[in-house]
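Take the given structure of chain R and dock chain D to it, following the hints.
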Amino acid sequence: MAMASLERAAPVPKAPAAPGFEKIQRFWDPRHGHWAAKILPGEFYVTRSPEAISTVLGSCIAACIRDPGSGVGGMNHFMLPEDNSLGSDAWSRPDGTPSTRYGSYAMESLINAALKLGARRERLELKLFGGGRILPSMSDIGARNIAFARGFAKIEGLPIAAEDMGDVTPRHVIYFPQTGRVLLKRLRAVETTAIADTEVRYRQTIATQTPNDDVELFD
Amino acid sequence: MAATILAVDDSASMRQMVGFTLRRAGYEVVEAEDGVEALEFAREHSVDLVLTDVNMPRMDGITLVRELRALGTYKFVPMLVLTTEAGPEKKLQGKQAGATGWLVKPFNPDKLLATIAKVL
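Residue numbers (our numbering), protein chains in the order written: chain R, 7 to 225; chain D, 1343 to 1462.
What the hints contain is simulated information worked out from the structure, not anything from laboratory work.
Just so you know, even glycine gets a beta-carbon here, dropped at the ideal spot from N, CA and C.
Do not take every clue at face value.
[Claimed, not checked] If you want a taste of the chain R side facing chain D, the calculated C-beta under 8 Å gives, among others: (1) PHE33; (2) LYS44; (3) ARG107; (4) GLU114; (5) ASN118; (6) GLU162.
[As the list claims (entries may be wrong)] In silico BS3-like pairs for lysine-lysine, Cα to Cα no more than 27 Å straight-line: (7) R:LYS122 x D:LYS1437; (8) D:LYS1460 x D:LYS1437; (9) R:LYS191 x R:LYS20; (10) D:LYS1432 x R:LYS122; (11) R:LYS29 x D:LYS1417; (12) D:LYS1417 x D:LYS1453; (13) D:LYS1460 x D:LYS1432; (14) D:LYS1453 x D:LYS1432; (15) R:LYS160 x R:LYS29.
The following block holds chain R by itself, in its conformation from the complex (with noise of 0.2 Å):
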């Protein structure tokens, strides 16, 4: 069915986007009855209308992040780039990795895009879904990638209210900012395949970025 008759049939108008998140396409689910925001890798949205993000993890991490105080949450979707230069603990060096630095980023990017939209830094619940070991025969990225995502909440102080990482299985994430609702579905083995080709080729994109050369300075 085409986009246009779903969104006629759909009888809840769908909130406006927040200002930088227009063009994250959103679709409205029948079943549940609700807007949902679908986010792929590399990319965040962020809300404070009763709306749901949700999004299809392999061995990607999406933080779900949600301040109970304002309504205002978000998700993103990432995984850290290939780094030759540590093992499992991201964290082993203080001045980072250009890993920890990319996850950082990414983290705090969908941070700063709540707080601008009204939530408090103290107030902020974090969840943590994904890092599964889609493939055998890939080195265990989503375990690299969970490691990070515990370290990261613990430097910051961000209390994790709720995590399912881990284990062989894709993961379908469904999250409602406002209540911090989460509906998760593993899934099965199947429909491994398209969504690991889908992260290798997000790994590519995130690999061959030159790091951020963007200085400049005023006159």
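Only chain D this time, still in chain R's reference frame:
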């Protein structure tokens, strides 16, 4: 004597990574969690360079730069902004507030040190 840098970021992991990078390069580093804390320190002490994030609780980095420039003692101190914000509008705000330069995260330690050396 080693130059002293006031590093301001609300993220503890960023403070850790930036602080370690600067100390290893031989700088003295004073850390602050937001603009208010940085400004309180700056009223009492002088430093050689300020490196600040933009999005922080209580007082953002652009306001901090503006407030610091208003202090007589910080009129000519180099102030670098290190932020996730890459948009031209924020950059312009930073420039107008009196920032010396703008660096976008995820930060590259070598580039950060080279930029600091250039403006000191």
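Going down the list of hints, with the structure as the test:
Checking PHE33 (chain R) against chain D by beta carbon gives a least distance of about 28 Å; that is not within 8 Å, so the hint is violated. For LYS44 (chain R), the shortest C-beta to C-beta distance to chain D is roughly 23 Å, which exceeds 8 Å, and the interface hint is violated. Hint status for ARG107 (chain R): holds, given a least beta-carbon distance of 4 Å to chain D, under 8 Å. A cut of 8 Å between beta carbons decides the hint on GLU114 (chain R): the least distance to chain D is about 6 Å, and the hint holds.
Annotation: interface hint on ASN118 (chain R) holds; nearest CB of chain D at approximately 4 Å, less than 8 Å. Contact between GLU162 (chain R) and chain D, as hinted, is supported at the beta carbon level, the nearest pair being about 5 Å apart and thus within 8 Å. The straight-line distance between the Cα atoms of LYS122 (chain R) and LYS1437 (chain D) is roughly 21 Å, inside the 27 Å bound, and the hint therefore holds. For the proposed pair LYS1460 (chain D) and LYS1437 (chain D), the alpha carbon gap of about 18 Å is at most 27 Å, so the pair holds.
Taking the CA atoms of LYS191 (chain R) and LYS20 (chain R), the gap is near 25 Å; set against the 27 Å cutoff, the hint holds. Taken as a hint, the LYS1432 (chain D) and LYS122 (chain R) pair is honoured in the structure, with Cα atoms around 14 Å apart against an allowance of 27 Å. Under the criterion of a C-alpha separation no larger than 27 Å, the hint pairing LYS29 (chain R) with LYS1417 (chain D) is inconsistent with the structure, at around 42 Å. At most 27 Å may separate the alpha-carbon atoms for a hinted pair to count; LYS1417 (chain D) and LYS1453 (chain D) meet this at roughly 25 Å.
Distance hint between LYS1460 (chain D) and LYS1432 (chain D) is fulfilled; the C-alpha atoms sit about 23 Å from each other, no more than 27 Å. With a CA separation close to 21 Å, the supplied pair LYS1453 (chain D) and LYS1432 (chain D) stays within the 27 Å bound. About 32 Å separates the Cα atoms of LYS160 (chain R) and LYS29 (chain R), which puts this hinted pair outside 27 Å; it is violated.
Checked against the numbered hints given earlier, the structure breaks hints 1, 2, 11 and 15 and satisfies all the rest.
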